[in-house]
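Visitor: The chain contents come next:
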Amino acid sequence: MTLVRRHFDALIIGAGGAGLNAALQLANANLRVAVVSKVFPTRSHTVAAQGGVNAALANVLPDNWHWHMFDTVKGSDYLGDQDAIEFMCREAIPTVYELEHNGVPFSRLDNGRIYQRAFGGQSQNFGGAQAARTCAAADRTGHAILHTLYQQNIRARTHFFDEYFAVDLIADDEGAILGALVLEIETGEPLLIESKTTLLATGGCGQVFRTTSNAHINTGDGMAMALRAGVPLMDMEFFQFHPTGIAGKGMLITEGVRGEGGYLVNKDGERFMERYAPNAKDLASRDVVSRAIVTEVKEGRGCGPEGDHVMLKVDHLGEEIVSKRLPGIRESSQIFAGVDPVVEPIPVFPTAHYVMGGIPTNRYGRVVVPVQHGPEEVIPGLYAAGECACVSVHGANRLGGNSLLDILVFGRAAGQDIIEFLKENPNHRPMDEAAVEKVMSRLTRWEEKGEGISVQDLRAEFRKVMEDHAGVFRTDEIMAEGVEKVKEIREKLKDLRLQDQSSVFNTARVEALELENLVDIGMSIVLSALNRQESRGAHSRPDYPDRDDKNWMKHSLYFYEEDRVEYKPVRTKPLFVETFPPKERVY
Amino acid sequence: MKFIVFRYNPDLDATPRMQEYDVEVTRGMMLRDALLEIKRQDESFSFRHSCGEGVCGSDGLNVNGTNLLGCITRVSDLKEPVKVRPLPGRPVIRDLVVDMSQFYQQYRAVEPYLIRRDPLPEQEILQSPEERDKLDGLYECIMCGCCSTSCPSFWWNPDKFHGPQALLQSWRFLADSRDQATDERLDALEGPYKLFRCHTIMNCVDVCPKHLNPTKAIGKIKELMLERAI
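Residue numbers (the working numbering), protein chains in the order written: chain A, 1 to 587; chain B, 1 to 230.
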């Protein structure tokens with residue numbers, strides 16, 4: 001069979017905010033850029049981001065990028081790399097202005113400037129009074145940003161491969177990345193995209209958990225591709241559970257609800273966050289609020305007949321604020337919880353939301369791995385940005401409003417660095433045909449016929465295992481059992497068979513490939529979590545309740561090969577300012 | 001609950017058929033959940049879906065004759081048997097998956113991006129809350145295609161008539177105080193088809209899952225054209 005081949009300067013896998021912002025830089029620079037996405041670009045999950053994007057514009061209250069940096073370092077529980085955090089917080093300001101110039105319909109203040117709201121973990125003056133740093137387009141900020149970036153890419157004539165599924169990266173003997181094998185979903189035909197540079201921007205992997213705010217498509221495809229190409233995944237034990245998912249369903253209720261003045265109550269009507277975070281209360285960091293909710297429920301103060309959730313009170317804000325600032329939340333609450341927040345509280349419980357870990361990169365978006373000379377050697381031609389990457393700006397816990405910022409700043413930075421890389425490396429490297437063949441086998445494997453386990457059933461089993469063994473509170477026993485169960489599931493992958501062998505728009509085949517990705521990532525999460533014997537940020541262990549900076553202020557690196565976990569130091573030295581040394585983290 | 005679902009696989013079927021499925025309804029079940037259950041019973045069944053909360057716009061469908069989004073439609077609100085078909089008027093790729101390329105082409109044709117001639121300020125372009133309010137009901141479009149594929153004018157002339165979705169987006173930029181390409185945008189809409197094939201049938205308004213009003217937007221564009229002509 002002859003494999004169709006296409007050639008580009010840059011291949012971007014994923015069409016969310018990171019991918020599209022990188023594509024925009026490259027298309028504006030007149031480079032040949034291909035964006036491959038398994039869904040039409042505006043279906044990417046950036047569309048679901050609600051609350052906003054952080055930048056110290058100081059439009060509402062005094063603010064400063066350095067305060068933003070402090071909050072982010074503290075929020076990360078001192079696991080974030082301070083050079084990358086400094087870069088992100090400085091870049092936040094021009095990045096938001098650029099978005100606005102590109103057309104994002106931000107909400108406005110009376111003086112015509114961009115509206116900013118309070119979000120969790122934000123302070124003025126290095127830990128002082130609450131700040132208002134989150135730039136918002138009502139509660140549909142991600143939608144507004146994603147559509148704007150897609151629109152600008154239409155203007156820039158970016159080349160899109162819509163509904164193509166990326167199968168695997170192609171690497172040569174020296175480890176350089178030569179492009180990727182992709183599958184056209186509509187026809188079932190494989191296609192080889194040869195590219196001088198490849199950017200993974202495939203987003204998160206929330207589908208590893210049963211209850212999640214993440215979309216069906218968030219299966220961590222790029223992370224698993226990186227793993228199979230020999231790249232480790234960094235800090236995967238740090239998975240954020242958003243405090244306010246709709247109870248029993250998982251859909252997100254933005255932190256912006258609490259930013260606008262909403263608060264949590266238990267079955268006694270008590271505003272319980274006052275006990276857990278006396279200063280910040282409901283706007284403490286997400287890990288803190290999620291643990292508080294789970295504790296309330298465990299100790300019998302949960303609401304509802306099963307006592308399995310708490311309530312988010314909004315009705316005191318009045319209809320005008322709710323319909324003006326939180327219209328999407330009102331709609332979602334009515335549809336999925338059957339309540340109108342203007343008159344009654346919303347039942348909420350933590351929901352799997354965001355992976356802080358991912359593909360290790362430097363602040364230019366280049367993928368860095370330990371090969372021979374130190375822990376951060378660049379892989380030629382390979383980039384990663386957005387939720388699939390780990391720069392690391394979020395460390396052990398991400399602040400609300402920093403994820404849209406991360407994808408935009410580092411998507412842009414990766415695009416800019418690719419432009420520089422291409423100046424030095426103007427030619428395609430020769431294609432490694434043996435590597436192509438090896439990757440093709442990942443597709444042909446699904447042509448095996450006969451009786452076997454169903455993809456749907458194993459996916460459901462796996463997600464339940466992850467929920468039970470890698471949740472908000474983790475003990476040695478629970479996680480060790482989780483590792484064994486994920487190993488068993490990984491074995492069962494071999495016994496999966498597709499009953500549907502047809503070629504046209506075969507979603508069963510796509511889901512089979514996704515399940516393989518999910519299970520590989522699941523292993524990185526449970527194993528990294530089991531090994532880390534401390535509590536830090538989102539990783540909370542009753543058997544090791546304290547943060548241990550002496551032994552554990554370091555990044556985990558999980559390798560697919562032999563399920564190995566290694567470590568590398570945190571970059572505590574910023575670019576131009578003083579280090580923020582670790583301190584006790586109270587809100 | 002009984003579902004009768006449109007099935008067509010060009011690899012295997014000479015013609016489309018309707019297939020019956022029984023789904024046990026659970027509390028709060030959405031149509032998308034029911035379709036996922038059907039997929040569990042029969043993995044050869046294909047449909048698009050993703051976010052599950054009505055923001056990604058993947059699962060526009062025709063159900064009991066009306067276009068809607070599967071993920072925000074409660075099955076308890078549907079009349080049994082539930083007849084599920086692909087969005088009308090578009091070529092079927094397989095089962096409920098249709099080819100939306102012409103729809104996307106019409107969107108691109110209205111130049112759906114902010115055009116600014118003046119030098120950019122180093123901060124944001126100022127916009128009053130009142131000016132910004134004019135974008136409400138426009139920018140929220142999720143491009144699900146429910147409106148354009150329910151529009152008879154679009155069925156007849158999908159290559160020439162922009163359709164309600166694209167025209168709503170055209171107005172979204174015309175209405176934006178920051179945009180500086182009003183004349184070019186209006187010039188590009190001249191002629192008997194692109195804009196003027198709208199006969200205010202208003203199917204688009206009835207079906208929009210985000211409660212937007214393309215007919216009103218089209219009326220505003222026509223008003224602006226008239227104003228300019230005088």
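Any given hint might turn out to be false.
To be verified - Under the rule of at most 35 Å between Cα atoms (straight-line distance), these lysine-lysine pairs were calculated in the DSBU-like manner:
1) K83(B) with K249(A)
2) K79(B) with K464(A)
3) K249(A) with K2(B)
4) K464(A) with K134(B)
5) K485(A) with K573(A)
6) K449(A) with K39(B)
7) K464(A) with K39(B)
8) K79(B) with K249(A)
9) K83(B) with K267(A)
10) K324(A) with K210(B)
11) K324(A) with K216(B)
12) K134(B) with K39(B)
13) K2(B) with K492(A)
14) K134(B) with K324(A)
15) K39(B) with K492(A)
Unchecked claim - Interface residues of chain B toward chain A, partial, derived using beta-carbon atoms under 8 Å:
16) S58
17) L120
18) L126
19) M225
Calculated directly from the structure, the hints in this document are not laboratory data. Beta carbons: idealized from backbone N, C-alpha and C, even for Gly.
Visitor: Evaluate each hint against the coordinates.
Guide: Status of each hint after checking the structure:
At roughly 26 Å between alpha-carbon atoms, K83(B) and K249(A) fall within 35 Å of each other, so this suggested pair holds. Under the criterion of a C-alpha separation no larger than 35 Å, the hint pairing K79(B) with K464(A) is consistent with the structure, at around 33 Å. The hinted pair formed by K249(A) and K2(B) meets the criterion: a straight-line CA distance of about 24 Å does not exceed 35 Å. Between the alpha carbons of K464(A) and K134(B) the distance comes to roughly 46 Å, so the proposed pair goes past 35 Å and is violated.
Annotation: proposed proximity of K485(A) to K573(A) is violated, straight-line Cα distance about 40 Å (limit 35 Å). Among the hinted pairs, K449(A) with K39(B) is consistent with the structure: their alpha-carbon atoms are about 19 Å apart, no more than 35 Å. The hinted pair formed by K464(A) and K39(B) meets the criterion: a straight-line CA distance of about 19 Å does not exceed 35 Å. Straight-line distance between C-alpha atoms of K79(B) and K249(A) comes to about 24 Å, which keeps the hinted pair within the 35 Å bound.
Proposed proximity of K83(B) and K267(A) is contradicted: the alpha carbons are some 43 Å apart, above 35 Å. The suggested pairing of K324(A) with K210(B) holds, with an alpha-carbon distance near 15 Å, which does not exceed 35 Å. Between the alpha carbons of K324(A) and K216(B) the distance comes to roughly 21 Å, so the proposed pair stays at or under 35 Å and holds. A C-alpha spacing of about 42 Å is found between K134(B) and K39(B), which places the hinted pair above 35 Å, so the restraint is violated.
Under the criterion of a C-alpha separation no larger than 35 Å, the hint pairing K2(B) with K492(A) is consistent with the structure, at around 34 Å. A hinted pair counts as satisfied when its Cα atoms are at most 35 Å apart, and K134(B) with K324(A) qualifies at roughly 13 Å. Restraint check: the Cα-Cα separation between K39(B) and K492(A) comes to about 21 Å, which is no more than 35 Å; the hinted pair holds. A least Cβ separation of about 5 Å between S58(B) and chain A falls short of the 8 Å threshold, and the interface hint therefore holds.
Here the hint on L120(B) is kept, as its CB sits about 5 Å from the closest CB of chain A, short of 8 Å. With 8 Å as the threshold, the beta carbon of L126(B) comes within range of chain A, its nearest partner Cβ sitting at about 3 Å, so the hint holds. Interface restraint check: M225(B) against chain A, minimum CB-CB distance 23 Å, threshold 8 Å, status violated.
Hint violations for this structure: numbers 4, 5, 9, 12 and 19, all remaining hints satisfied.
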